[in-house]
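Chemist: One letter stands for each residue in the lines below.
Protein chains: 2
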Amino acid sequence: MEQLKPQDFPALKNDTFLRAARGEEVPAMCLCGCMRQAGQILAEFRETRAAQDFFASCRSPEVCCELTLQPLRRFPLDAAIIFSDILVIPQALGDGDSAWSRGGGPVFPEPLKGPEDLQKLKPVVDVSEDLGYVFRAITLTRHKISGRFPLIGFTGAPWTLMTYMIEGGGSNTMSKAKQWLYQHPGASTSCWQLLTDVIVDYLVGQVAAGAQALQVFESHAGCLGPQQFADFSLPYLRGISCRVKKKLKADGLEQVPMIVFAKDAHYALEDLSQSDYEVVGLDWTIRPQEAREKTGKRVTLQGNLDPCALYASKENIEEMVKKMLEAFGCRGYIANLGHGLYPDMDPEHVGAFISAVHKYSEKKEN
Amino acid sequence: MEQLKPQDFPALKNDTFLRAARGEEVPAMCLCGCMRQAGQILAEFRETRAAQDFFASCRSPEVCCELTLQPLRRFPLDAAIIFSDILVIPQALGDGDSAWSRGGGPVFPEPLKGPEDLQKLKPVVDVSEDLGYVFRAITLTRHKISGRFPLIGFTGAPWTLMTYMIEGGGSNTMSKAKQWLYQHPGASTSCWQLLTDVIVDYLVGQVAAGAQALQVFESHAGCLGPQQFADFSLPYLRGISCRVKKKLKADGLEQVPMIVFAKDAHYALEDLSQSDYEVVGLDWTIRPQEAREKTGKRVTLQGNLDPCALYASKENIEEMVKKMLEAFGCRGYIANLGHGLYPDMDPEHVGAFISAVHKYSEKKEN
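Protein chains in written order, with this note's numbering: chain A, 26 to 391; chain B, 26 to 391.
Wrong hints could be hidden among the right ones.
Which copy is meant is left open, because identical chains are indistinguishable; a pair holds if it fits in one copy or across any two.
Stated by the list, open to error - Okay, derived cross-link-like pairs now, BS3-like style, lysine-lysine, Cα gap no bigger than 27 Å in a straight line:
#1 Lys201 <-> Lys348
#2 Lys319 <-> Lys270
#3 Lys201 <-> Lys272
#4 Lys347 <-> Lys201
#5 Lys339 <-> Lys138
#6 Lys38 <-> Lys169
These aren't lab readings, by the way, just hints derived from the structure by calculation. All of these numbers come straight from a predicted model, not from anything done at the bench.
Here chain A stands alone, though its shape is the one from the complex (with noise of 0.2 Å):
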């Protein structure tokens, strides 16, 4: 197959997405992806997964573009994020050969034991050699769009990928990775600093490659207390943003919105909002004036319905969505779950959620 090149992308001719990201008026509210796991419930989605292993998936730009576009063609969705994986960056930063797996969660074959094993990550990651399949992955993705919505890439944040590097997977607790933090400060210091920089780089190579807005997940902040986040999480998700924004000026690079999501992070909502993302994600926890209390007008929020909600009959969900987009208002504002999808979702109660969006949101403009 021809190598599609990131240069004479299509006109995009839906940006309602970008523009509520920029704060900007827009016609109706719109409708991110309805995050990372929205292809799992879908057969086709499951189908093609099962072809090959997670790491291959992610590894081939043919699958992750078809693995991106067939939520798109079930539902009318505003964005499109890219099939990927976070933990492609602590996969680059190993020996290359260990990949991870995705069963339950996404499993890390061989664990930071202590200090003494970042010695045997790689000290700079050339994203363009190491990651460079997920940037074919981007270009050839927005191309396929042809300009009907945007594409957004994404990434997971320091500490989360220190999460699953030193736990090896899941943890309720987190707390062989909060150990290091009061143990080893130094050595996490470390970790997060060259997690930054491959990050900055990848995000920017993103960009590069097509990406239209960013996503940072900081997945794993709720294991984190209010002082841990602010010392420990924060000045990383900082340092992302403003050395993306500055790396891409300098690249000349066009600026996009970026979007971070802290989940469980309820007592950082005034700080996220103050630290250079255009977007705050909210998980559904919050409520939505008191999250517009504590970020002022700097933010768009993005978020925040239970995913589980879409157990609920269709009906309720139109209920619930019509409430939570009074709640939140028009402007400002990105229509989205307050977290990812279970694969035993029914898809026609993610298209009822989606279609109540259109509904109500269209509604308010008149």
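Go by the hints and put chain B onto chain A.
Modeler: Relative to the frame of chain A, chain B by itself:
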């Protein structure tokens, strides 16, 4: 062994904990039993526990008494919490034979698959018969304590118990249990009403047996949002405190302070402080000042050092405790961790935490 009766208990010589729980002025701030997992870091505890399976431990008053007292022999704590498990109630509602196990966490052998499975539960539980082993453990332990400190009883709250009954074990998302909230609200309500009835009798029975304070654990509050908590958890938490107090009065029993701990329910602190509990427990994601603002002077606060802080050096633990005590202030406060201990923690660091609490709380009084 002669069975001790729940009467003629030795006089209580240290009522600091009970007075602090009631918001009275105390000579020093005090410390609860480091929550229920305190024992598992001790070699003697693990040895006693390993001698029989978990359920057998819970059913033996002598073993429960020994496991309750072991942490108290090591550490100068101001209260003991009875060794037991929140799953004793789901077990009592089942066929009476099936037990549960605890490896990485509780595993419930025959989870509820749908509302029809509620028919399999006993419609009424005679707590004296089915949970009398807990009462006997409390009576024995209270006698053995010889009035050195008060003994706390506890239960899981209805929503948390129901998550175990449906999920069958731990879960990151609790999506099966949450599915019930959206698809079977009627059946969920029946289940909570049944659980609430048992819990009320169970707590009153604990006081009759000798418990001097009661704690209600809503450990899985965090997967509910504000609206769901208000609809599906809070009414039952309030029902429990209100009915227990009434029944204690009707039965001519002493009123005891009640503690509620709804982990990760940052959005519900104000409501919890108006729910007829004397003490509200806090996890470590809550800022002390914010907790004070939201709860006024209505309740005593208990918490909330990050348990992982015990991985830090003893000097750093002391520093963190000092900061915590200063932030919460002296009155209406019970120093504690924000959740239970993890098995790999060093008993000496728990000792450092407790010493620091005593050191700085006594200092504040001068």
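Chemist: Indicate, hint by hint, whether the structure satisfies it.
Modeler: Going down the list of hints, with the structure as the test:
1. Lys201 <-> Lys348: between (40 Å within a copy, 24 Å between copies)
2. Lys319 <-> Lys270: within (24 Å within a copy, 38 Å between copies)
3. Lys201 <-> Lys272: neither (34 Å within a copy, 45 Å between copies)
4. Lys347 <-> Lys201: between (42 Å within a copy, 25 Å between copies)
5. Lys339 <-> Lys138: between (47 Å within a copy, 22 Å between copies)
6. Lys38 <-> Lys169: within (14 Å within a copy, 77 Å between copies)
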